[in-house]
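Protein chains: 2
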Amino acid sequence: MNVERVANKLGITKERFEGLQETIIKRSGWPEPHLFRFEKPATGIEAGTIVFDNGEIVFGYPKIKRAMMLGPAIKRQFSGTVAVEEKMNGYNVRVASIDGEVYALTRGGFICPFSTEVARDLIDPHLFEDNPHMVLCGEMVGPENPYVPKDIYPIESIEFYLFDVSTKNCSQLKGVYATHRIAKEYGIACTPLLGEFRAECATQRIMEIIRQLGKKGREGVIIKDVENKVSPLKYTSSQSNCSDLEFAFRYYNDYANDFFMSRVVREGFQAAEWDESPEEMKERALRLGESILLPLTATIRGKMRNEQIVQQSQFRVKSIQTARDFEQHLRRSGTKAVFDMPEADGDGYIVRILKLVMSTNDKTQAVIDGQPW
Amino acid sequence: MNVERVANKLGITKERFEGLQETIIKRSGWPEPHLFRFEKPATGIEAGTIVFDNGEIVFGYPKIKRAMMLGPAIKRQFSGTVAVEEKMNGYNVRVASIDGEVYALTRGGFICPFSTEVARDLIDPHLFEDNPHMVLCGEMVGPENPYVPKDIYPIESIEFYLFDVSTKNCSQLKGVYATHRIAKEYGIACTPLLGEFRAECATQRIMEIIRQLGKKGREGVIIKDVENKVSPLKYTSSQSNCSDLEFAFRYYNDYANDFFMSRVVREGFQAAEWDESPEEMKERALRLGESILLPLTATIRGKMRNEQIVQQSQFRVKSIQTARDFEQHLRRSGTKAVFDMPEADGDGYIVRILKLVMSTNDKTQAVIDGQPW
Numbered sequence: 001m002n003v004e005r006v007a008n009k010l011g012i013t014k015e016r017f018e019g020l021q022e023t024i025i026k027r028s029g030w031p032e033p034h035l036f037r038f039e040k041p042a043t044g045i046e047a048g049t050i051v052f053d054n055g056e057i058v059f060g061y062p063k064i065k066r067a068m069m070l071g072p073a074i075k076r077q078f079s080g081t082v083a084v085e086e087k088m089n090g091y092n093v094r095v096a097s098i099d100g101e102v103y104a105l106t107r108g109g110f111i112c113p114f115s116t117e118v119a120r121d122l123i124d125p126h127l128f129e130d131n132p133h134m135v136l137c138g139e140m141v142g143p144e145n146p147y148v149p150k151d152i153y154p155i156e157s158i159e160f161y162l163f164d165v166s167t168k169n170c171s172q173l174k175g176v177y178a179t180h181r182i183a184k185e186y187g188i189a190c191t192p193l194l195g196e197f198r199a200e201c202a203t204q205r206i207m208e209i210i211r212q213l214g215k216k217g218r219e220g221v222i223i224k225d226v227e228n229k230v231s232p233l234k235y236t237s238s239q240s241n242c243s244d245l246e247f248a249f250r251y252y253n254d255y256a257n258d259f260f261m262s263r264v265v266r267e268g269f270q271a272a273e274w275d276e277s278p279e280e281m282k283e284r285a286l287r288l289g290e291s292i293l294l295p296l297t298a299t300i301r302g303k304m305r306n307e308q309i310v311q312q313s314q315f316r317v318k319s320i321q322t323a324r325d326f327e328q329h330l331r332r333s334g335t336k337a338v339f340d341m342p343e344a345d346g347d348g349y350i351v352r353i354l355k356l357v358m359s360t361n362d363k364t365q366a367v368i369d370g371q372p373w
Numbered sequence: 001m002n003v004e005r006v007a008n009k010l011g012i013t014k015e016r017f018e019g020l021q022e023t024i025i026k027r028s029g030w031p032e033p034h035l036f037r038f039e040k041p042a043t044g045i046e047a048g049t050i051v052f053d054n055g056e057i058v059f060g061y062p063k064i065k066r067a068m069m070l071g072p073a074i075k076r077q078f079s080g081t082v083a084v085e086e087k088m089n090g091y092n093v094r095v096a097s098i099d100g101e102v103y104a105l106t107r108g109g110f111i112c113p114f115s116t117e118v119a120r121d122l123i124d125p126h127l128f129e130d131n132p133h134m135v136l137c138g139e140m141v142g143p144e145n146p147y148v149p150k151d152i153y154p155i156e157s158i159e160f161y162l163f164d165v166s167t168k169n170c171s172q173l174k175g176v177y178a179t180h181r182i183a184k185e186y187g188i189a190c191t192p193l194l195g196e197f198r199a200e201c202a203t204q205r206i207m208e209i210i211r212q213l214g215k216k217g218r219e220g221v222i223i224k225d226v227e228n229k230v231s232p233l234k235y236t237s238s239q240s241n242c243s244d245l246e247f248a249f250r251y252y253n254d255y256a257n258d259f260f261m262s263r264v265v266r267e268g269f270q271a272a273e274w275d276e277s278p279e280e281m282k283e284r285a286l287r288l289g290e291s292i293l294l295p296l297t298a299t300i301r302g303k304m305r306n307e308q309i310v311q312q313s314q315f316r317v318k319s320i321q322t323a324r325d326f327e328q329h330l331r332r333s334g335t336k337a338v339f340d341m342p343e344a345d346g347d348g349y350i351v352r353i354l355k356l357v358m359s360t361n362d363k364t365q366a367v368i369d370g371q372p373w
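Residue numbers (this note's numbering), protein chains in the order written: chain F, 1 to 373; chain U, 1 to 373.
Please note that the accuracy of each hint is not assured.
A pair holds if it fits inside one copy or across any two, identical chains being indistinguishable in the list.
With a Cα cut of at most 20 Å, we get these calculated SDA-like pairs of lysine to any residue [unchecked claim]: (1) K363 / D258; (2) K75 / W373; (3) K303 / S262; (4) K363 / E246; (5) K336 / G44; (6) K229 / Q371; (7) K168 / H126; (8) K303 / E276; (9) K174 / G370; (10) K63 / L354; (11) K363 / R66; (12) K75 / G370; (13) K363 / F260; (14) K229 / T13; (15) K303 / P72; (16) K282 / E246; (17) K63 / Q371; (18) K150 / E101; (19) K282 / A298; (20) K75 / A366; (21) K363 / M341; (22) K234 / G370; (23) K168 / I57; (24) K229 / G370; (25) K282 / L294; (26) K363 / F259.
Note that these hints are calculated values from the structure, not bench results. The model shown is predicted, which means the values in this text are computed figures rather than measured ones.
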């Protein structure tokens, strides 16, 4: 690896690149190919940026800011035309070809063995043959995945939805039109384009879209400048905010308090902006209250019946080795999980896993045993 | 001040007492008498402990632990008989006589000029003439106070409720019977004693008491060992938990996220322990949801109408000087407040104050102006 050249492409000096190692830049020696990853952001470089040993860089996918109040946020951010795409609820991966092999990279900059197998299965290999430097940014979505299993989409197992495209060694994203062109050309699923609107009349249209998505339990939208001149914004439905709360309150002591508060505050801003009637507010308050209280009591009652509180999920692999590798991947990411024996099914295997939420288990048990707070 | 003797009474060495200064022990040179206060706890010494310049010590009032699950917590903590007293919702003060003058001391170890005036007015001076070393531990309660104004009690302005008694230079509390004896002897109001129960059958009785208190919007109970052998426990009503949330969500960015989460989790444990029906759960979920959503949207809508978000309160003083001193007291405690001109009323003055909640004002305004999160 030519460190001088890599540093130059990152926009920093060789000395700074070396100085960041062991603090911000971490080494990953497994699986092949070996790489350096930015565990945290550095000046101008997104967290999750990866430098492979061959010197190629895949930049981290930038965090998309959230509109808390839709109208004012759109007005402040956009002029001209915006494209509104569905924000799919799954997990973010970047897919790239390194030395002729396709890899799926996690948000944090690891190679994920499971996602890599899925990407190789779902993405037409001609894409990287024709475009060896392309990086696909997309969401892995569906009920059978170990990270964010959701059955709110008509997906049987897992699907890859492209939402942006970039190039190795370059942090610039290509934007809406280039993304949809590539998706069409290679038959890749794309996050649905729900409409294009002039910025000044987008708010009303998006509110209507959000209401419709919410009714179906879907997450929300990404609002993009069609000319890719400014960063996109995200905005989510009340049902999605509450669904996050419902999930996290089952494991109330294993999530940061910020996670809860930010979602609750979103509900306040949405209700205020939408100028809801007392009846609508009551409905929202009940939804919010239930999304907190029901999972909390379910967890406590479960523990009172001596059940172990766990997060269950399952996924499919073509080879047993992928399951083994994924187990090692989860372990090195710091997640404690118990893997069942893979079960043959069709041309592959179903793997069921239980993630342990030790803090919630321990705290709940202690309170049930009479520990004061 | 004989530092050797003071350190000895605190149970630490002279060197340690001197070593703690400027880190844990802070100096207060205003108002008279001058004192050292423990801003944080030190080994075996409660935060809020005060050492006056004459060498006398008033120990900090110990934090009372909370029963999250009533039955198991009582079983673990108590045997024999427990006294159940109402937990009044106000602010905690200790009242003591130093060099012949009565002072009210805040939880943090400051002399509060307002509470001092109230204490001198409400507490029979014979008490400290007869018992110059006594320390009264109690709650200042009522609608007219600058800290925790509540109109859920039949109190016109402010009242002092005794809940424990101790002695200067001694960290031991005297317990239920001694407290009620002193209250009766000197005609001081006392936190209501709601019953005495055998520990093994207390849970059901306390649940019933909590339900009744909750209906009246009252806070909850303190459960004490009548023989004062183990520390008391507190337990609160759902209505009080939700009322705390309702208050704090008006100022959502000025309170720590812990404040919200702890109250929400209490609701989960109470619902689980009380084995509530789906209808009762729905009622609780709505109460919880409304206690979050309604104040949040009230704040946001207020800000959209260009209102300033403030905490209003008012209190009565006999002398203008007390109001001035209290203003200085609030300022040195780090609270930003705007004082109205005192308004003559009866034999004293009404003082109205507005506490500023800058963080909530700024954050809400920024979001309304379109700032993403």
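Verification of the hints:
no. : hint        : in the structure
1   : K363 / D258 : both (19 Å within a copy, 15 Å between copies)
2   : K75 / W373  : between (46 Å within a copy, 15 Å between copies)
3   : K303 / S262 : between (27 Å within a copy, 19 Å between copies)
4   : K363 / E246 : within (19 Å within a copy, 26 Å between copies)
5   : K336 / G44  : neither (33 Å within a copy, 38 Å between copies)
6   : K229 / Q371 : between (56 Å within a copy, 18 Å between copies)
7   : K168 / H126 : within (17 Å within a copy, 84 Å between copies)
8   : K303 / E276 : between (38 Å within a copy, 16 Å between copies)
9   : K174 / G370 : neither (57 Å within a copy, 26 Å between copies)
10  : K63 / L354  : neither (29 Å within a copy, 39 Å between copies)
11  : K363 / R66  : between (33 Å within a copy, 14 Å between copies)
12  : K75 / G370  : between (53 Å within a copy, 7 Å between copies)
13  : K363 / F260 : both (18 Å within a copy, 18 Å between copies)
14  : K229 / T13  : neither (28 Å within a copy, 67 Å between copies)
15  : K303 / P72  : between (45 Å within a copy, 14 Å between copies)
16  : K282 / E246 : both (18 Å within a copy, 15 Å between copies)
17  : K63 / Q371  : between (40 Å within a copy, 15 Å between copies)
18  : K150 / E101 : neither (29 Å within a copy, 68 Å between copies)
19  : K282 / A298 : between (23 Å within a copy, 14 Å between copies)
20  : K75 / A366  : between (50 Å within a copy, 13 Å between copies)
21  : K363 / M341 : neither (30 Å within a copy, 50 Å between copies)
22  : K234 / G370 : between (43 Å within a copy, 13 Å between copies)
23  : K168 / I57  : within (6 Å within a copy, 69 Å between copies)
24  : K229 / G370 : between (58 Å within a copy, 18 Å between copies)
25  : K282 / L294 : both (17 Å within a copy, 9 Å between copies)
26  : K363 / F259 : both (19 Å within a copy, 18 Å between copies)
When the structure is compared with the earlier hints, violations turn up for hints 5, 9, 10, 14, 18 and 21 and for no others.
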